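A.B. asks: Starting from the known structure of chain A, arrange chain B on it as the hints suggest.
There are 2 protein chains.
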Amino acid sequence: MKKSIGAKTIVYPTPVFIVGTYDKDGKPDVMAAAWGGIACSQPPCVSISLQKQRYTLENIYEREAFTINIPSEDHVKEADYFGIVSGRDADKFSDSGLTPVKSEIVDAPYVQEFPLILECKLVHKVDLGMHIQITGEIMDVKVEENAADTNGIPDINKIKPFLFDPAGMSYYGVGKNIGRAFNIGNKIKK
Amino acid sequence: MKKSIGAKTIVYPTPVFIVGTYDKDGKPDVMAAAWGGIACSQPPCVSISLQKQRYTLENIYEREAFTINIPSEDHVKEADYFGIVSGRDADKFSDSGLTPVKSEIVDAPYVQEFPLILECKLVHKVDLGMHIQITGEIMDVKVEENAADTNGIPDINKIKPFLFDPAGMSYYGVGKNIGRAFNIGNKIKK
Chain A
1 MKKSIGAKTI
11 VYPTPVFIVG
21 TYDKDGKPDV
31 MAAAWGGIAC
41 SQPPCVSISL
51 QKQRYTLENI
61 YEREAFTINI
71 PSEDHVKEAD
81 YFGIVSGRDA
91 DKFSDSGLTP
101 VKSEIVDAPY
111 VQEFPLILEC
121 KLVHKVDLGM
131 HIQITGEIMD
141 VKVEENAADT
151 NGIPDINKIK
161 PFLFDPAGMS
171 YYGVGKNIGR
181 AFNIGNKIKK
Chain B
1 MKKSIGAKTI
11 VYPTPVFIVG
21 TYDKDGKPDV
31 MAAAWGGIAC
41 SQPPCVSISL
51 QKQRYTLENI
61 YEREAFTINI
71 PSEDHVKEAD
81 YFGIVSGRDA
91 DKFSDSGLTP
101 VKSEIVDAPY
111 VQEFPLILEC
121 KLVHKVDLGM
131 HIQITGEIMD
141 VKVEENAADT
151 NGIPDINKIK
161 PFLFDPAGMS
171 YYGVGKNIGR
181 AFNIGNKIKK
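Top to bottom, those sequences are chains A and B. The opening residue of the first sequence carries number 1 in the numbering used here; numbering runs sequentially from there. The opening residue of the second sequence carries number 1 in the numbering used here; numbering runs sequentially from there.
Just so you know, these hints were derived from the structure itself, not from any lab. Treat the hints loosely; a few may be bogus.
Same chains, same label: a pair holds when it works inside one copy or across any pair of copies.
Said to hold, decoys possible - Each computed DSSO-like pair below joins lysine-lysine, with the alpha-carbon atoms no more than 30 Å apart:
#: 1; residue 1: Lys-102; residue 2: Lys-190
#: 2; residue 1: Lys-121; residue 2: Lys-158
#: 3; residue 1: Lys-187; residue 2: Lys-77
#: 4; residue 1: Lys-3; residue 2: Lys-190
#: 5; residue 1: Lys-125; residue 2: Lys-102
#: 6; residue 1: Lys-187; residue 2: Lys-2
#: 7; residue 1: Lys-2; residue 2: Lys-52
#: 8; residue 1: Lys-3; residue 2: Lys-158
#: 9; residue 1: Lys-27; residue 2: Lys-3
#: 10; residue 1: Lys-52; residue 2: Lys-3
#: 11; residue 1: Lys-24; residue 2: Lys-158
#: 12; residue 1: Lys-189; residue 2: Lys-77
#: 13; residue 1: Lys-77; residue 2: Lys-102
#: 14; residue 1: Lys-176; residue 2: Lys-121
#: 15; residue 1: Lys-158; residue 2: Lys-102
#: 16; residue 1: Lys-24; residue 2: Lys-77
#: 17; residue 1: Lys-158; residue 2: Lys-176
#: 18; residue 1: Lys-125; residue 2: Lys-8
#: 19; residue 1: Lys-52; residue 2: Lys-187
#: 20; residue 1: Lys-27; residue 2: Lys-187
#: 21; residue 1: Lys-27; residue 2: Lys-189
Note that the coordinates shown come from a computational prediction; the quantities given were computed from them, not determined experimentally.
One chain only, chain A, in its complex shape (with noise of 0.2 Å):
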């Protein structure tokens, strides 16, 4: 028996994407977004939305680029730290000892500690009411060689994600592999 329990933005799995921007005076900043996705395949592009007072998304207007971070377990509590305090009032690398590395393709710093890092360009934005949703070209991926398998793709067992459960406020790890994609509902196929 199902139960209503009133329009909130409860989803499994949400993401812990942390945006890295640099403001108009060039001070790299981080910030922990976890309402987001990828939105198309060609071309490769990624949503978040951000509160209309975000730092970051006054960031973003100016450099019309950013990246997305993915953290691995072992940097909960930085990705954590970046979701909780303004980069108005605090230098969030500097806080938390990690490394901004500006990247060669967008305007935008990545995190270097951090395995898994996609640049992109902003292509779109639309205004939904609390949040605007901002919309990005993925110009390119790059992945920390260790966290990578011998073909150089993102291994996702190496890089420990994690996810946010937006009801319990809680982050979880990755579990097991329960199965292939694309591949085990061939069985029920009539």
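C.D. replies: Relative to chain A, chain B alone:
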């Protein structure tokens, strides 16, 4: 050291949203969408991106409504099947043995056996290239009673959602709780 792997649609976690719609003749259909996420807190909105030729896209245009159904690990095979076959060629509810239930709130069906349901009304669409990004306002969320905590809030450990690995093309369960959100990062605050 980071290596460039080109412009690819790889992020973690990536969801497996099962999108429920009625077609113009009233046949209930479901498809799997991995591109999407929450898009706004107020009004609560969720986005999904669908290839232009998708049957589900026609249905959403026709009825201006859809559901997002979060499957548990127990139904990973069915969820995968929903991403393999088109509703033009098959009755996916009948093939999978799952049960369509008409939403009382929007003009779309949901999957009775899945633990968490979002009922959505189309509010925005944008053509990004290969995919159309569809945004729905979440009108209600329904949770299976045995997948909620004592306050009726969804419990991730009872829902047992899973995620999609777009690099390794596999599904993964949810692992351990690794920390409280908006809490564990406070240690870093200066």
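A.B. asks: Hint by hint, note whether the structure agrees.
C.D. replies: Against the structure, the hints:
1. Lys-102 to Lys-190: between (52 Å within a copy, 25 Å between copies)
2. Lys-121 to Lys-158: Cα proximity of Lys-121 and Lys-158: one copy only (27 Å, versus 39 Å across).
3. Lys-187 to Lys-77: This pair counts as between: shortest inter-copy Cα distance 8 Å, intra-copy 42 Å.
4. Lys-3 to Lys-190: neither (33 Å within a copy, 43 Å between copies)
5. Lys-125 to Lys-102: For Lys-125 and Lys-102, only the intra-copy Cα distance (24 Å) is at most 30 Å; the inter-copy one is 33 Å.
6. Lys-187 to Lys-2: Within one copy only: 29 Å inside a chain, 39 Å across chains, cut-off 30 Å.
7. Lys-2 to Lys-52: neither (35 Å within a copy, 33 Å between copies)
8. Lys-3 to Lys-158: Only across copies: Lys-3 and Lys-158 sit 15 Å apart there, 39 Å inside one copy, limit 30 Å.
9. Lys-27 to Lys-3: Classified as between; 25 Å across copies, 47 Å inside a copy.
10. Lys-52 to Lys-3: Intra 33 Å, inter 34 Å, cutoff 30 Å: neither.
11. Lys-24 to Lys-158: neither (35 Å within a copy, 46 Å between copies)
12. Lys-189 to Lys-77: between (44 Å within a copy, 11 Å between copies)
13. Lys-77 to Lys-102: Answer is within: at 23 Å inside a copy they meet the 30 Å cutoff, but 43 Å across does not.
14. Lys-176 to Lys-121: Neither. Shortest intra-copy (34 Å) and inter-copy (34 Å) distances fail the 30 Å Cα cut-off.
15. Lys-158 to Lys-102: within (24 Å within a copy, 42 Å between copies)
16. Lys-24 to Lys-77: Classified as within; 27 Å inside a copy, 49 Å across copies.
17. Lys-158 to Lys-176: Both, since 13 Å and 16 Å are each at most 30 Å.
18. Lys-125 to Lys-8: For Lys-125 and Lys-8, the Cα distance is within 30 Å both inside one copy (23 Å) and across copies (21 Å).
19. Lys-52 to Lys-187: between (47 Å within a copy, 27 Å between copies)
20. Lys-27 to Lys-187: Only across copies: Lys-27 and Lys-187 sit 23 Å apart there, 53 Å inside one copy, limit 30 Å.
21. Lys-27 to Lys-189: Classified as between; 18 Å across copies, 54 Å inside a copy.
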